Amino acid sequence: VSRHALADSLFMEAQRNKMAGDLKLAIGNLESSDRLVPGNAAVYYELSYLFSQLHHNQEALSYARQAYLSDSSNRWMAMAFADALAQQGQPDSAAAIYGQLRRQYPFQDEYLLSEAALLYAAEHYQQAMGLLDELESRRGLSEELVYQKQLIYLKLHKVDSAAAEIRKLISRDPFESRYYGLLAEVYESNDMTDQAMAVYDTLLKRNPDN
Numbered sequence: 122v123s124r125h126a127l128a129d130s131l132f133m134e135a136q137r138n139k140m141a142g143d144l145k146l147a148i149g150n151l152e153s154s155d156r157l158v159p160g161n162a163a164v165y166y167e168l169s170y171l172f173s174q175l176h177h178n179q180e181a182l183s184y185a186r187q188a189y190l191s192d193s194s195n196r197w198m199a200m201a202f203a204d205a206l207a208q209q210g211q212p213d214s215a216a217a218i219y220g221q222l223r224r225q226y227p228f229q230d231e232y233l234l235s236e237a238a239l240l241y242a243a244e245h246y247q248q249a250m251g252l253l254d255e256l257e258s259r260r261g262l263s264e265e266l267v268y269q270k271q272l273i274y275l276k277l278h279k280v281d282s283a284a285a286e287i288r289k290l291i292s293r294d295p296f297e298s299r300y301y302g303l304l305a306e307v308y309e310s311n312d313m314t315d316q317a318m319a320v321y322d323t324l325l326k327r328n329p330d331n
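Per my numbering, the very first residue in the sequence shown carries number 122; after that it's consecutive.
No lab work stands behind these hints: they were computed from the structure.
Watch out, some of these pointers could steer you wrong.
Unchecked claim - Here are the computed lysine-lysine pairs in the BS3-like style, where the Cα-Cα straight-line distance is at most 27 Å:
hint, residue 1, residue 2
1, Lys289, Lys276
2, Lys276, Lys326
3, Lys289, Lys279
To be verified - The following label-pair restraints were derived from C-beta to C-beta distances:
hint, residue 1, residue 2, range
4, Lys276, Glu180, 27 to 35 Å
5, Arg299, Pro227, 56 to 64 Å
6, Asn331, Gly210, 21 to 29 Å
7, Leu272, Met318, 18 to 26 Å
8, Arg196, Leu325, 44 to 52 Å
9, Glu180, His278, 51 to 59 Å
10, Leu272, Leu144, 19 to 27 Å
11, Gln179, Arg156, 56 to 64 Å
12, Leu262, Leu325, 22 to 30 Å
13, Gly261, Met140, 27 to 35 Å
14, Gly160, Pro227, 29 to 37 Å
Small disclaimer: the values here were computed from a predicted structure and weren't measured.
Positions of the beta carbon are idealized from the N, C-alpha and C atoms, including for glycine.
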């Protein structure tokens, strides 16, 4: 039996171990497969996943990096590496990888949203806002984008801008009481009691039984 055939057999056995819930045995078989035929991105990808399941984050990151370096054109390898970096408190590096994916797949909105979330985590608020603005211009107004943008404005201490984002939703759907509640909370949490009261008054006029 050739080394490649034996390595493949060990890889398949590791998959069976994983399905049976024996993660440590799966790791042992994958490591044996790697010793026989090094450099297989799929083996490193699986090892990264298994170590992350066991909460061994350093090993998970190490194998995710090897998987990515072995096959950097594979988006699944790239995402696994980015997610491992984020888990290890490296949102800057993770955002850079999602930025590459966004440029590679410009119409896959989830890559842009992941990059924006990681930039937010890294406190690059203006860059995150730029991405969300780009997505809104393409996709139109949405609750998800408004919520994320108002969070960024609050981090930048721009309460009026945060409120203006929520008012966009109110303009679109003036009978949705949740939006008024969110707007009032923004004012309340920033000690703007008069503005919060004005919002509640408006809500009460619209919905006197609330």
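Results of checking the hints against the structure:
For a cut-off of 27 Å, the pair hint linking Lys289 to Lys276 stands: about 19 Å separates their Cα positions. In summary, the hint linking Lys276 to Lys326 is not supported, as the alpha carbons are separated by about 32 Å, beyond the 27 Å threshold. Simply put, Lys289 and Lys279 have alpha-carbon atoms about 16 Å apart, close enough for the 27 Å limit, and the pair holds. Checking the proposed 27 to 35 Å range against Lys276 and Glu180 shows it holds: the Cβ atoms sit about 33 Å from each other.
Range check, Arg299 to Pro227: Cβ separation about 32 Å, and the 56 to 64 Å hint is violated. Taken as a hint, the range 21 to 29 Å is violated for the pair Asn331 and Gly210, whose Cβ atoms sit roughly 43 Å apart. A hinted range of 18 to 26 Å for the beta carbons of Leu272 and Met318 is consistent with their spacing of about 23 Å. Against the hinted window of 44 to 52 Å, the Cβ-Cβ separation of Arg196 and Leu325 comes to about 50 Å, which satisfies the hint.
The beta-carbon spacing between Glu180 and His278, approximately 40 Å, falls outside the hinted interval of 51 to 59 Å. In this structure, Leu272 and Leu144 break the distance hint of 19 to 27 Å, their C-beta atoms being roughly 36 Å apart. The supplied range of 56 to 64 Å is broken by Gln179 and Arg156, whose beta-carbon atoms lie about 20 Å from each other. One distance hint, 22 to 30 Å for the beta-carbon pair Leu262 and Leu325, holds here, with the actual separation near 26 Å.
Against the hinted window of 27 to 35 Å, the Cβ-Cβ separation of Gly261 and Met140 comes to about 43 Å, which falls outside the hint. Between Gly160 and Pro227 the C-beta distance comes to about 31 Å, which sits within the given range of 29 to 37 Å.
When each numbered hint is compared with the structure, violations occur for hints 2, 5, 6, 9, 10, 11, 13.
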